[in-house]
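Let chain A serve as the given structure and place chain B on it in line with the hints.
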Amino acid sequence: MNKISVIIKREYVTRVRKKSFIIMTLLAPLLMAAIVIVPTVLMMNQKGDFKKIAVIEEKSDLFKGVIKNTKDAEFVYLDNVNLNEFKTKFEQEGYYGVLIIYPEIINTPNAIDLISKKQPPIGLLEHIERSLEKNIEKQKLAAYSIGDLDAIMKSIQTDVSVQTKKLDDLGNVQKTSTGISMALAYIFGLLMYMLVFIFGSQVMRGVIEEKTSRVVEVIISSVKPIELMMGKIVGIALVGLTQFLMWVILTAGITTVLKTTLLGNSGITEITQSMPQNMMTENQAVAGQAAVQEISPELIEFTRLFDSALNQPWLLIIFAFIFYFITGYLLYASVFAAIGSAVDNETETQQFMLPVTIPIIIGLMVAMGTMQNPESPVAFWCSLIPLTSPIVMMARIPFGVPYWQIGISMLLMVVTFIFFVWMAAKIYRTGILMYGKKTSWKEMWKWLRYSG
Amino acid sequence: MALFEAKNVSKQYGTQLALDNVSIAVPQQSIYGLLGPNGAGKTTLIRIINQITGPDSGELFLDGKKLCPEDVQRIGYLPEERGLYKKMKVGEQALYFAQLKGLSKAEAMKRLKYWFNKLEITDWWGKKVEELSKGMAQKVQFVTTVLHEPKLLIFDEPFTGFDPVNAKIIKNEILFLRERGATIIFSTHNMESVEELCDNITLIDKAKTILEGSVDEIRTKWAANEYDLVFDGNVKIEGNGHYNILDQKFENNKSIVRLKTTGDIKSNEILQTAIKSGTVISFNPALPSMNEIFIRVVEARN
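If you're matching them up, the sequences are chains A and B in order.
Under the working numbering, read the first sequence as residues 1 to 452, first letter to last.
Under the working numbering, read the second sequence as residues 1 to 302, first letter to last.
Read the hints as simulated data drawn from the structure, not as lab findings.
All C-beta atoms in this analysis are idealised placements derived from N, C-alpha and C, irrespective of residue type, glycine included.
You may find that some hints are simply not true.
[Said to hold, decoys possible] Covered by chain B, per the in silico footprint, the following chain A stretches (three or more residues, Cβ under 8 Å):
{"no.": "1", "stretch": "88-94"}
{"no.": "2", "stretch": "206-220"}
[What the hints assert, rightly or not] Calculated lysine-lysine pairs in the DSS-like style (CA-CA distance at most 25 Å, straight line):
{"no.": "3", "chain 1": "A", "residue 1": "K9", "chain 2": "B", "residue 2": "K168"}
{"no.": "4", "chain 1": "B", "residue 1": "K206", "chain 2": "A", "residue 2": "K446"}
{"no.": "5", "chain 1": "A", "residue 1": "K224", "chain 2": "B", "residue 2": "K105"}
{"no.": "6", "chain 1": "B", "residue 1": "K127", "chain 2": "B", "residue 2": "K87"}
{"no.": "7", "chain 1": "B", "residue 1": "K113", "chain 2": "A", "residue 2": "K3"}
{"no.": "8", "chain 1": "A", "residue 1": "K3", "chain 2": "B", "residue 2": "K66"}
{"no.": "9", "chain 1": "B", "residue 1": "K168", "chain 2": "B", "residue 2": "K134"}
Looking at chain A on its own, in the form it has when it is part of the complex:
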């Protein structure tokens, strides 16, 4: 036991001290923070780009004042201008563009032009289209001469947002969100896949290094091969956990620091608040009503997501994640170790890697499909079969999985990983001392049956 800890320590310390490890540990959170921060910064900067747009109606006066000003754009209605002349000089007069509405717009959707020197942003176009659509609909409705139209319009204005609620085993209703469950399933499935694959193949590379540098013979004259193998596997797992923890802490830290220094706290809240307010004014304008304070649908959605995130079975998720990470990693890492022991260099690993990669890839694919239908038979079986269960079960858990299924899956996992470690140890023991010969599957099968 003491010797294993010496091995674990070496595997851990030499890797953690490597420049590549330190760089990756520091760089990845910076990148992730950048991904979070940059779009926010861009959004902030867009706000300053204010556009003045001239609105000209040809031969009619139907839409005066229909398109309301927004935070980013002002709409100025011009009468009696020479269109051809104005087209050439609108820029000198400080306009971003000219919106020309033809009377046929009522029946011909494309009887409207926006002339500008630059490609206008999509948000601006949507704003114009939406404003006009609502107005034209209203005008058409008005043509039917229905009394109290405004009141009817107001009373029929609706918004639908399905509230998903899940019954737990005790009959309690929990607010959930399929969106959050999907996001969690995606994150955890992918994370499992990456961790198992990245650190599993590190084990393989470590074994090959020891074999090619012939260190292995000295070491196994001091410790048992399985002690060396397990020491390496555990040491690298600790490296993985260290890196993962550092990433979480650093990303959170850097993001917070950048947010406060670059944007200031007010910046963020301003953006999040201004969005629903914009929508509100728009709605009111269309309805032609005095300001009525309604809760915007976005705000409802946001609180609902938040509630749902809190309502996830976090304890179970975390426990399952740790369990499946450890067992799944041990299972695959021992297979990787066995492969590493059987070859003389990394290029030879290809033929053995494929059969190992396939179950992981299948697991990932099924996990992605799980999000569409968490109860499908494929998802069910793949979450029980040990080679795919770490990934698929992690993707299923946020949607709710009966405990007996989790229990069976975990039991199978434990039995299988013990079996795989045992088998890998037998192949490893023989493989690390074999040089020069190209190993085949048949050869490895023979090694399995060698005694001591």
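Chain B only, in chain A's frame:
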């Protein structure tokens, strides 16, 4: 008494027999040569002694007791294919191997200081192994092999890769270790060093023991009927009914004759006839070198 004994050890890999009923007995505080052509089974035997692999049949004894897993601490092994972690620093690496052999960190440090001083390699402590030459790395590995003061030391080709000066240093260290009580199993193709160092040998060929015993006895036995006769000046002699001339050469104004007796003739009688041909400078039983014996024994089997 034998410090280490292997009795009737056999090992098979698939269909290939690597060791067939091989026995060796290594006397306490001696140097034991394990000889044999490439692929004879030496490495397999060494791996079995180190408990890297187990024998299919046969028994192994250390100090009269059956070899057990804890005995790895009492054995030191320098494999033929030297291996150190290339990216690791020399000192850390030596410490690591010492700890794997069960030494405490403090004790390992103390002993490493002693050995690094003795071999004058203290400067290398902070260097990475990949910065060292092959011979330098080998010296480091030698230290890691002997550091835990094992009772039984196994050196597989310890001198390859060393220049003559360093080879001599290592040779002296091996003799010093024996003086201090260690027993050494020594596998090599270098027969000169066998004559120089080994007390006893076993020659393995194609998985079987084909020659064993003390180096002196073996050489005397194989020399039984051969003599070297040296004359002053250029002298030629002819074979007669009692002996045949195997070889005659003239160099440095001396004639050297190798003869082999055929019948039952006493050395005095040979000398008496020789004196008549010229001035005899020396007359010795010709001890064949271990090299010759090795080649003759192995070729005789093919």
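Fill in: Given pair status - B/K168, A/K9, alpha carbons within 25 Å
Roughly 37 Å separates the two Cα atoms, so the pair is violated.
Practice prompt. Sort out whether B/K66 lies within 25 Å of A/K3, counting only the CA atoms.
Written response: Holds, because 23 Å separates the two Cα atoms, which is no more than 25 Å.
Fill in: Agreement of B/K113 and A/K3 with the hint, judged by alpha carbon distance not exceeding 25 Å
holds, 22 Å
Discussion item. Just to be careful, I want the Cα atoms of A/K224 and B/K105 compared with a cutoff of 25 Å; is the pair within it?
Written reply: holds, 21 Å
Worksheet entry | 25 Å limit on alpha-carbon distance, applied to hinted pair B/K127 and B/K87 | holds, 9 Å
Fill in: Outcome, coverage hint (the stretch 206-220 of chain A, chain B; C-beta under 8 Å; three residues)
holds (count 10)
Item to complete: Three residues minimum, CB to CB under 8 Å: does the stretch 88-94 of chain A make the cut for coverage by chain B? Let me know.
Response: Result for this restraint: violated, n = 0.
Worksheet item: Given the hint that B/K168 pairs with B/K134, does the C-alpha gap stay at or below 25 Å?
Response: Satisfied, since the Cα-Cα distance of roughly 16 Å is no more than 25 Å.
Item to complete: Would you mind confirming whether the straight-line C-alpha gap from B/K206 to A/K446 stays at or under 25 Å?
Response: holds, 23 Å
The structure fails to meet hints 1, 3 from the earlier list, while all remaining hints are met.
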